[in-house]
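S.K.: Each chain is listed here by its residues.
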Amino acid sequence: MTSGFQASSAGPACTSCAIYNSANLAKLGVETGDYDYVAAVAGNPNTGKSTVFNALTGLRQHVGNWPGKTVARAEGGFTYRGLGYKLVDLPGTYSLLSTSNDEEIARDFLLFGRPDVTIAVVDSTRLERNLNLVLQILQITDRVVVALNLMDESQRHGITIDVRHLGRELGVPVVPMAARKGEGLPELLEAVEQVATRQPATSVRRVKQRNAALERAVATLSDKLGQAFPGLPNTRWVALRLLEGDPSTEQAVRDGTLGDLGRGAAEAGSARPTGTAAR
Amino acid sequence: MTLDELGPDNRATVVALEIRGTQRRRLMDLGLLPGTEVRVDMTSPLGDPTAYLVRDGLIALRRSQARAVHVEVRDGSERQ
Amino acid sequence: MSNAHLLDQAAALRDDLPADFQDGIVESIYADAAAISSHTVSRDSQRARLTADRLLDRALTHRVWGFAVMGVLFFAVFWFTIVGAAAPSAWLYTLLVDNGHAWLRDGFVALGSPAWLTGILIDGAYLGTAWVTAVMLPPMAIFFPLFTLLEDFGYLPRVAFNLDRLFSAAGTHGKQSLSMMMGYGCNAAGVTATRIIDSPRERLIAIITNNFSICNGRWPTLILMGTIFIGALAPPALGSVVAAGSVVTVAVIGVLTTLLVSWALSKTVLRGQTSAYSLELPPYRRPQLWRTLHTSLIDRTLFVLRRALLMAAPAGAVIWLISNVDVGGTSVAAHVVGALDPLGLALGLNGVILLAYIVAIPANEIIIPTILMLTMTLGSGMSGAQNGVMIELGPAQTETVLIQIGGWTLLTAINLMLFSLLHNPCSTTILTIWNETKSLKWTSLATLLPLTLAFAVTFLTATVARLAGWV
Ligand SMILES: Nc1nc2c(ncn2[C@@H]2O[C@H](COP(=O)(O)OP(=O)(O)O)[C@@H](O)[C@H]2O)c(=O)[nH]1
Ligand SMILES: [Mg+2]
Chain V
1 MTSGFQASSA GPACTSCAIY NSANLAKLGV ETGDYDYVAA VAGNPNTGKS TVFNALTGLR
61 QHVGNWPGKT VARAEGGFTY RGLGYKLVDL PGTYSLLSTS NDEEIARDFL LFGRPDVTIA
121 VVDSTRLERN LNLVLQILQI TDRVVVALNL MDESQRHGIT IDVRHLGREL GVPVVPMAAR
181 KGEGLPELLE AVEQVATRQP ATSVRRVKQR NAALERAVAT LSDKLGQAFP GLPNTRWVAL
241 RLLEGDPSTE QAVRDGTLGD LGRGAAEAGS ARPTGTAAR
Chain Z
280 MTLDELGPDN RATVVALEIR GTQRRRLMDL GLLPGTEVRV DMTSPLGDPT AYLVRDGLIA
340 LRRSQARAVH VEVRDGSERQ
Chain E
360 MSNAHLLDQA AALRDDLPAD FQDGIVESIY ADAAAISSHT VSRDSQRARL TADRLLDRAL
420 THRVWGFAVM GVLFFAVFWF TIVGAAAPSA WLYTLLVDNG HAWLRDGFVA LGSPAWLTGI
480 LIDGAYLGTA WVTAVMLPPM AIFFPLFTLL EDFGYLPRVA FNLDRLFSAA GTHGKQSLSM
540 MMGYGCNAAG VTATRIIDSP RERLIAIITN NFSICNGRWP TLILMGTIFI GALAPPALGS
600 VVAAGSVVTV AVIGVLTTLL VSWALSKTVL RGQTSAYSLE LPPYRRPQLW RTLHTSLIDR
660 TLFVLRRALL MAAPAGAVIW LISNVDVGGT SVAAHVVGAL DPLGLALGLN GVILLAYIVA
720 IPANEIIIPT ILMLTMTLGS GMSGAQNGVM IELGPAQTET VLIQIGGWTL LTAINLMLFS
780 LLHNPCSTTI LTIWNETKSL KWTSLATLLP LTLAFAVTFL TATVARLAGW V
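Protein chains in written order, with my numbering: chain V, 1 to 279; chain Z, 280 to 359; chain E, 360 to 830.
Simulated from the structure, these hints should not be mistaken for lab results.
Remember, predicted model here, so these are calculated numbers, not experimental data.
By construction, the Cβ of each residue, glycine as well, lies at the ideal position given by its N, Cα and C atoms.
A few chain Z residues that don't get close to chain E, going by computed Cβ distances all over 12 Å:
1) T281
2) E284
3) G286
4) E351
Restraint-style ranges between C-beta atoms, simulated for each label pair:
5) S786(E) with N24(V): 42 to 48 Å
6) I298(Z) with G82(V): 51 to 57 Å
7) S786(E) with V30(V): 21 to 27 Å
8) R402(E) with Q251(V): 43 to 49 Å
9) P313(Z) with R402(E): 21 to 27 Å
10) D162(V) with E297(Z): 36 to 42 Å
11) P313(Z) with Q227(V): 32 to 38 Å
A few chain Z residues facing chain V, derived, Cβ under 7 Å:
12) D308
13) G310
14) R334
15) D335
16) G336
Just need the whole structure built from these sequences, with the hints factored in.
M.R.: See below:
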């Protein structure tokens, strides 16, 4: 992974990336028309998701310096090296485990919309807190790119992050960036393309439950789920949710909509099989 | 002692959360769980809520909630 | 095929797990996160926050300075809006209303257009649209960017932090203040913003009370009343300050009403526990000046303006029609106004204002032009205006018309400001409330409660003013 930040010469390096960038990137605005892949932008509130979304699509989603600014899903499009992408800007969420109305939109899209790539936007000044969500996302999909945003701020805070090491630990590409200045965008596009078009990484970090009994229960139930719904990608996650008694997951099992997850990915994008979360 | 009793600029470690259900989950999602270090940053001019530094984030909690978070003051807490 | 056996199996496995296994799930993830970050992050100091941020927060959440700065900032935003909008508004007025209208009208007449067509299109639809543009565009083009700069800087969560005690006492969620602040732009947006509140009970309170955050459709009414009736009471040099002060006062009454109504709701129909509240305070960030100007000018301002125009054109046509279609020798408008007059006067308003509010249910933006037009048409005839022609007046003449023809007093102006603050949400907002709640009951309550309150309060002030002999 190359990075303007690690090379610590962000300024000059990026004058050239703007040119490099514009050669292959076409911002399509709301025109998503025909697309090859669906990419979702997810992350904690106020980490720069909408800024990344705007930079890629050329749209002007409202950006505001407070958590909760984006409460609905926004869609836009871009093409990169001849491939069309539909990009979805999701409301911020701290976790996929417990959700309010806006967070539910994000969770349902990641779980049931089955994006081809999930761009996890991370605040580099609060890495530990942000990794909580990233690790949860990694449990439901391995097609993830981590956008390590706000690198300009973490530099001002005197924080250094070993990006390569982080990438190895997580098992997915990590791209340092400062989305507001457009820094790191070319590398992000590159990584998104790589994840969208190639076989996903096999070494993705999966959190092991530290409680042995729980780990066993998850494994057992996950096997059963795999038999009942062949092709279901994230059986461990679903098993965990069932053990917890999550109502919307239970509903998806009961009425069989869970099985759809194994099939068509992009088409399921707008469908929301669970409207049944406890209200 | 509980989090609401923590003095300004004192560091403490969370030992237990005395709430259940979704509220407990929410606090944990914010990074507030047993073992986490917290610190008072500032208090609202009207006396409540108080903003705490939790894993580098600044999070405001109302007193009624902070009361449910049991903490232990750490040795060597700095004084301003 | 049933998958119920999977659920049974899950339940059986759950029974074998320790009681606190759910905590274990989160703890495992965080333990992993902590391990990863300890291997990858190094910092050259133990400071958790920038000193500048801490110092700024000390000031902006200070017992005295915090509130002083808050007051000054919001006052400044309104003052800039009022003062800055005056000249461009006057210019647009001359261009679009005075000259543009005459020019278009002559053109239509020259082309041999029948009187009714010229009436509906030019005297109705065009003039309504031109008026709204001239009056609304400049203040919005100033207000939105200023507000967005505050938002971009990270100030809004601090306001929420400073005021939370009040919201807590009213039994509401701490994030209600954030959805309120969105309501100052547009109530429909404010209602959507309540999604950040997890508890259904507290979210409903936030939805129902969002109406008391004055939306941009109502600012022009308040600013105009504040300028020509209240600002005029002060010596000319202080006029704009007093006018801004009166508008801020109405906004503050709005906040108090929000708190009061929230409190009443949480003690009656929406009783329940106050739920957990956690608000993350972001670091301060330098606002992006150009981007902000661009976004708020192109997107917000033009978006809102387009909506206003879409509403103003048909409303202008409707007003022209009801003023020109006669039943039994008197226009429809005159009949309706006559019927509404007793109620209107009891509220310290008049029949014209009430009719204007009925015509303006789709959009509050067109209240003032409607009132002016009806007043001149139905007035004693001294103005020589054609029936249903939207007014071609600047603020100075506006005052003359309202006082001399409409018989307005200071009470009328003040009660119009109060009515504008309190009355029912516009149709777009009502639709949004329906979409968010999918409940007839709550949508009706959110519509009728403010309306009832508007009637009650204006009736009260009118009665007190009359008993005290002020009018
Ligand atoms: N300094 C800096 N600020 C950024 C960067 N990216 C986003 N921001 C700011 O962070 C705030 C939140 O951005 P936004 O895109 O609305 O975040 P979202 O809530 O995740 O969608 C805004 O004030 C942005 O201007 C960045 O790379 N550097
Ligand atoms: Mg956003």
